[in-house]
Amino acid sequence: MAAVSLSVSTVKPLGDRVFVKVSASEEKTAGGLYLPDTAKEKPQVGEIVAIGPGKRNDDGSRQELEVKVGDKVLYSKYAGTDVKLGTDEYVLLSEKDILAVVS
Amino acid sequence: MAAVSLSVSTVKPLGDRVFVKVSASEEKTAGGLYLPDTAKEKPQVGEIVAIGPGKRNDDGSRQELEVKVGDKVLYSKYAGTDVKLGTDEYVLLSEKDILAVVS
Amino acid sequence: MAAVSLSVSTVKPLGDRVFVKVSASEEKTAGGLYLPDTAKEKPQVGEIVAIGPGKRNDDGSRQELEVKVGDKVLYSKYAGTDVKLGTDEYVLLSEKDILAVVS
Amino acid sequence: MAAVSLSVSTVKPLGDRVFVKVSASEEKTAGGLYLPDTAKEKPQVGEIVAIGPGKRNDDGSRQELEVKVGDKVLYSKYAGTDVKLGTDEYVLLSEKDILAVVS
Amino acid sequence: MAAVSLSVSTVKPLGDRVFVKVSASEEKTAGGLYLPDTAKEKPQVGEIVAIGPGKRNDDGSRQELEVKVGDKVLYSKYAGTDVKLGTDEYVLLSEKDILAVVS
Amino acid sequence: MAAVSLSVSTVKPLGDRVFVKVSASEEKTAGGLYLPDTAKEKPQVGEIVAIGPGKRNDDGSRQELEVKVGDKVLYSKYAGTDVKLGTDEYVLLSEKDILAVVS
Amino acid sequence: MAAVSLSVSTVKPLGDRVFVKVSASEEKTAGGLYLPDTAKEKPQVGEIVAIGPGKRNDDGSRQELEVKVGDKVLYSKYAGTDVKLGTDEYVLLSEKDILAVVS
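Chains as they are written, first to last, in the working numbering: chain A, 1 to 103; chain B, 1001 to 1103; chain C, 2001 to 2103; chain D, 3001 to 3103; chain E, 4001 to 4103; chain F, 5001 to 5103; chain G, 6001 to 6103.
Just to be clear, a hint being listed does not mean it is correct.
So the derived list for chain F, only partly shown, Cβ under 10 Å to chain E, looks like this [to be verified]:
#  : residue
1  : 5015
2  : 5019
3  : 5050
4  : 5052
5  : 5053
6  : 5056
7  : 5063
8  : 5070
9  : 5080
10 : 5096
11 : 5101
In silico SDA-like cross-links for lysine to any residue, where the CA-CA straight-line distance does not exceed 20 Å [said to hold, decoys possible]:
#  : chain 1 : residue 1 : chain 2 : residue 2
12 : D       : 3096      : D       : 3086
13 : D       : 3055      : C       : 2054
14 : A       : 96        : B       : 1015
15 : G       : 6096      : A       : 87
16 : F       : 5055      : G       : 6022
17 : D       : 3077      : E       : 4011
18 : D       : 3055      : E       : 4011
19 : C       : 2055      : D       : 3015
20 : C       : 2068      : C       : 2097
21 : A       : 68        : G       : 6014
22 : A       : 84        : G       : 6022
Label pairs and their computed distance ranges (CB to CB) [what the hints assert, rightly or not]:
#  : chain 1 : residue 1 : chain 2 : residue 2 : range
23 : F       : 5063      : D       : 3008      : 19 to 27 Å
24 : G       : 6054      : F       : 5059      : 18 to 26 Å
25 : B       : 1008      : F       : 5062      : 14 to 22 Å
26 : B       : 1053      : G       : 6010      : 46 to 54 Å
27 : G       : 6060      : B       : 1069      : 18 to 26 Å
28 : E       : 4009      : A       : 62        : 21 to 29 Å
29 : A       : 9         : D       : 3054      : 23 to 31 Å
30 : C       : 2077      : E       : 4070      : 30 to 38 Å
31 : D       : 3061      : G       : 6061      : 47 to 55 Å
If you're looking for bench data, these hints aren't it; they were derived computationally from the structure.
For every residue, glycine included, the Cβ atom is placed at its ideal position computed from N, Cα and C.
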């Protein structure tokens, strides 16, 4: 087995998962978003770079995702799995963890 | 990826979520609402500023929301995800976390 | 957004929720009801002042509530969300948290 | 709202709930029932004095209860909600918390 | 309400419950069964003395039990509700807590 | 009730349960299997000696098991209920706790 | 029962499980993948060496897996059951624990 050279284009999410590039904190303060420091779950902004084919229904068909590549999204900071490629941060999320599209 | 400039009109909730502007505390005391200090969940008042398209049914159709933009609603203080735009507080809620319409 | 002036008639419960005026403790001792001091959930008496339209079925129809405005009900003291209007106490409950009608 | 004067005949359980008069401890030792002092849930004996109409099915019909007024039943001591009327103890139980009929 | 005189024949389990006479420990060592002292759930041997009519299906029919009166069964020591009649120990179990028939 | 003399052939699992003879540790090191000492669940090897008839479907039919008597299987060390017959160790497992067939 | 000699080709996953060879850490740093040290679940890279036949539907048919032997996959480090064959590390995973295909 050869070495796995991970890059953004090689990551293909399964099912209803999406691959999201996390927006840097600077952008967020620039955009006026403020994340209050409370015990509640915190929102995070990112941009979708890859989406899965959707959940499979019992009859074998797919339930397509509501979001698409390029959408900027709000999601909970504590959801999903973090992945770092070089110096960029990404997160693999289920679509249900996306709260809103903000683009 | 350009900076994300968040404003109320750019937030589009997914599924059965609603975007709610939290009412200031002054209004509530003016209106006579008193939030008792107990261990039980506390109600909060807010106004809906954006709604999602509703949950998707298995056949692809949508189950429309019961609430609409402009509705003033009571919801549990501990539900949802807080978002701050400038000095205003907002919350992203699932419709099922809304207890009653009060307008 | 103008101040929200909450009064009983402006609270419209959603789904299968009911809005209940909590009966004062005096009434209960007068009526002979005694709430034993145990670790088990405690019953509380109240009168329904508003009801929701009922849960929506998958086909869009509603499952009407079994209780109606004016019913006096027993419910668990720890269920629902407390709301105070002036000096009166109210609670927003799901119908399933109502144990019995006592009127 | 007038004072609520609770008596056995005024309690009408909802759904699949039953209203049970708790049997006094004397009876149980007389009858030979011994409740072992363990960490497991303890059985309790009582007599049903009122039953609900049964759970509503999705089509609006009712699933009638298996027990009836007058049945003596074994139930878990930790189930349900205690209610005291005068010096008598009662409990509001879901039918599924009844372990066996013993009459 | 007259005193309840509990005896084996008066206990009629509801739904999918069975009434099991717990086998004495002597028998088990005689039979070679050894209950290892671990943190895992421990098996117990007993004989079924009464069974319920089975779970009711949505259409009102019953799903008959797989076990019958007289079956010797292995079940988890921590399952069900203990009942003592005179010096004999019994347990009220759901059929799903029975691991195997050993007769 | 006569003494229960348990032996392998008398254990008949119910539903989707299987009765598995636990393989001795020697065999496993011989076979090269190494169980890493981590906080994750540990696999264990055993051989199926009896199987249940399968889960009953709602229409009364059975869903046959995928495994059969004689299969060597990998299962989680923490699953099921341990039983010792003489000096041999057995375990009663649900089929869903079996990870793979290794024979 | 003869000794079980485990090798990769003898492991046949059941249901929707897959058998994955864990990629060595060197490969991952070479490929640029960095696993941030946070409290969130950590991704791990591996290659699928065997797959199960898929979950059985209620009608007895199978829901085939989306992944195939040879796929390189990202999965949560804390999912599944670790197995070591010689000096190689493997993991038995449910397909739903696979986050993305990266080959």
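Can you name, in rising order, the numbers of the hints this structure does not satisfy? 7, 8, 10, 11, 12, 15, 16, 18, 21, 23, 25, 27, 28, 29, 30 and 31
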